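Asker: Below are the chains, spelled out letter by letter.
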Amino acid sequence: MSKGSGSARIQIEGVEKSFSLDGGSMAALVDVNLEIQAGELLCLLGPSGCGKSTLLNIVAGFLPPTRGRVLVDGTPVTGPGPERGVVFQEYVLFPWLTVQENIEFGPRLMGVPAARRREVVARYLEMVGLSEHAAKFPLQLSGGMKQRVAIARALANNPSIVLMDEPFGALDAQTREVMQEELSRIQRLEHKTIVFVTHSIREAVYLADRVVVMTRSPGRIKEVFAIKLPANRDRFAAEFTHYESEITQVVKEEVAKAHP
Amino acid sequence: MIRSLALLTALAVWAAISYGNRALEVTNPVLLPTPGEVAAVTVALARDGSLARNVLVSGIRVVEGFAIAVVFALGLGLVVGLVTPFRLAVEPVVEFVRPIPPLAFLPMFLVWFGLGETSKVAFIAYTTFFPMFIGIAASLLRVDVMLLRAAASLGATRADLLRRVVLPAAVPGIVVSLRLGFGLALFVIVGAEFMGADAGLGNLIMEGRTFFNPPQIVMGALLLGILGSLINGLLLALERRALRWRLTSGH
Chain V
1 MSKGSGSARI QIEGVEKSFS LDGGSMAALV DVNLEIQAGE LLCLLGPSGC
51 GKSTLLNIVA GFLPPTRGRV LVDGTPVTGP GPERGVVFQE YVLFPWLTVQ
101 ENIEFGPRLM GVPAARRREV VARYLEMVGL SEHAAKFPLQ LSGGMKQRVA
151 IARALANNPS IVLMDEPFGA LDAQTREVMQ EELSRIQRLE HKTIVFVTHS
201 IREAVYLADR VVVMTRSPGR IKEVFAIKLP ANRDRFAAEF THYESEITQV
251 VKEEVAKAHP
Chain A
1001 MIRSLALLTA LAVWAAISYG NRALEVTNPV LLPTPGEVAA VTVALARDGS
1051 LARNVLVSGI RVVEGFAIAV VFALGLGLVV GLVTPFRLAV EPVVEFVRPI
1101 PPLAFLPMFL VWFGLGETSK VAFIAYTTFF PMFIGIAASL LRVDVMLLRA
1151 AASLGATRAD LLRRVVLPAA VPGIVVSLRL GFGLALFVIV GAEFMGADAG
1201 LGNLIMEGRT FFNPPQIVMG ALLLGILGSL INGLLLALER RALRWRLTSG
1251 H
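Line by line, the protein sequences are chains V and A. The numbers in my numbering rise by one with no breaks, and the one at position 249 of the first sequence is 249. Numbers given in my numbering equal positions in the second sequence, counted from 1, plus 1000.
There's no promise every hint is true.
What follows is a set of in silico ranges between Cβ atoms, one per label pair, in the way DEER data are often shown [to be verified]: (1) A:Asp-1048 <-> V:Pro-95: 30 to 38 Å; (2) A:Arg-1244 <-> V:Ser-245: 35 to 43 Å; (3) V:Ser-48 <-> A:Val-1083: 32 to 40 Å; (4) V:His-191 <-> A:Gly-1233: 55 to 63 Å; (5) A:Gly-1233 <-> V:Ala-135: 44 to 52 Å; (6) A:Gly-1191 <-> V:Ser-48: 26 to 34 Å; (7) V:Ala-135 <-> A:Asp-1048: 49 to 57 Å; (8) A:Leu-1238 <-> V:Gly-14: 29 to 37 Å; (9) A:Leu-1162 <-> V:Ser-18: 25 to 33 Å; (10) A:Gly-1183 <-> V:Ala-38: 19 to 27 Å.
Rather than coming from a laboratory, the hints here were simulated on the basis of the structure. Being a predicted model, the structure only gives us computed values, none of them experimental. Every residue, glycine too, gets a C-beta built ideally from N, C-alpha and C.
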């Protein structure tokens, strides 16, 4: 692996994606170029349908790009892999497994011995505050709890990259802020490389090192904002709201274009 | 509570009509057996041991035929559900054969296997195979692609996906297919035994017709109903135990 300019963990090079639709084809992403550094938390922000989830799915290896490529540590992505953990918007827990079994799914596949697995599960259960619910099945949990299990499941597999697709989208405002605080606390402990898709500007400013604003469909990168705020962010600080309104301006332009 | 009340009411209606008919002679009393007559026949057949023998004979046929069908339905269902070329090859044949009422083939089974046990067992196997096979293949095909993505991003290989996602995700559908298949087996055994059998519940019913003993016909039918609902209840209970995770709710 070459260092220097190629030291980015994830390189997105000229990625385009189009879907065939009624014989024709519809462009979802056009010429996306992006480099994500190790330990960075990058938020993809844009109006709904702008292709930000599509981009995440391409990085995850679930979808092949129509043109261009994605490199992780210099190696082209050809499919999903355990070094890229995914947290889905709809949780996607295995309903026939308990909370504990869901979290140890990855370590079990990797052949981690049972004693070590128990430690890992206990640690992440505690981290997401679900220690008392280890033996429950997903159907017994609330949405917020399921999402925390999904995050624990992804992290317990120790991926160096975590891809999160609007993970807090289905949560109520209160739970959502708690989860954001949780994630930023976890990130301070674990220093993962995180790509976080959201359509909430507040959420992006709270979490991100950089916010990438995408255009309306077909999605391109419109603008990139570096958020230079301290680790423990105050949502009511002047600098915070400044970033918020600055990004809101840019996003509004796109939303206005989408609904002329 | 409501269930037993409903059953008692049905029994009372039957008693009222049959005994009423007896008293008023609206139609020939022999044609409308009373609960008492049916009970008397049941006791008589139970005493001489023929009741237990006939139930056992039918039961063995059902279990054997069902077991054979399960083996084939699981084997073929797995192959068709998991290997696309097989599915494409098998689908049109199944779609053609499936709508044929199974009873239409019953005489063929008698021609091939004679009047003995083989024809009944084979017929039950044939009838129950199709719905189970189709149900099993469908529940394998229905597995949510998101679950597969989630597992793949946790490092699952193709073999892991099959063993740890596709199969467990399909289990509820497979279990339901098997339960419905068993119910169907109880259904068709009677038909198979009508067409020449020397024992079994169907034979008992047919005997009631041959010797003009309507209470015996009614008894046979009621007995099948009771056995059917008992077995169905048992299978449902087993299903609930096996699929505990689906039925738990509340936070």
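Asker: Now, for every hint given, state plainly whether the structure supports it.
Answerer: Checked hints:
1. A:Asp-1048 <-> V:Pro-95: 30 to 38 Å: violated (53 Å)
2. A:Arg-1244 <-> V:Ser-245: 35 to 43 Å: violated (51 Å)
3. V:Ser-48 <-> A:Val-1083: 32 to 40 Å: This hint holds: roughly 38 Å between Cβ atoms.
4. V:His-191 <-> A:Gly-1233: 55 to 63 Å: Given a distance of about 56 Å, which is inside 55 to 63 Å, the answer is holds.
5. A:Gly-1233 <-> V:Ala-135: 44 to 52 Å: Taking Cβ atoms as reference, A:Gly-1233 and V:Ala-135 lie about 28 Å apart, which means the hint is violated.
6. A:Gly-1191 <-> V:Ser-48: 26 to 34 Å: violated (58 Å)
7. V:Ala-135 <-> A:Asp-1048: 49 to 57 Å: holds (55 Å)
8. A:Leu-1238 <-> V:Gly-14: 29 to 37 Å: This hint is violated: roughly 57 Å between Cβ atoms.
9. A:Leu-1162 <-> V:Ser-18: 25 to 33 Å: Holds, at about 32 Å.
10. A:Gly-1183 <-> V:Ala-38: 19 to 27 Å: violated (59 Å)
Violated hints for the displayed structure, listed by number in ascending order: 1, 2, 5, 6, 8 and 10.
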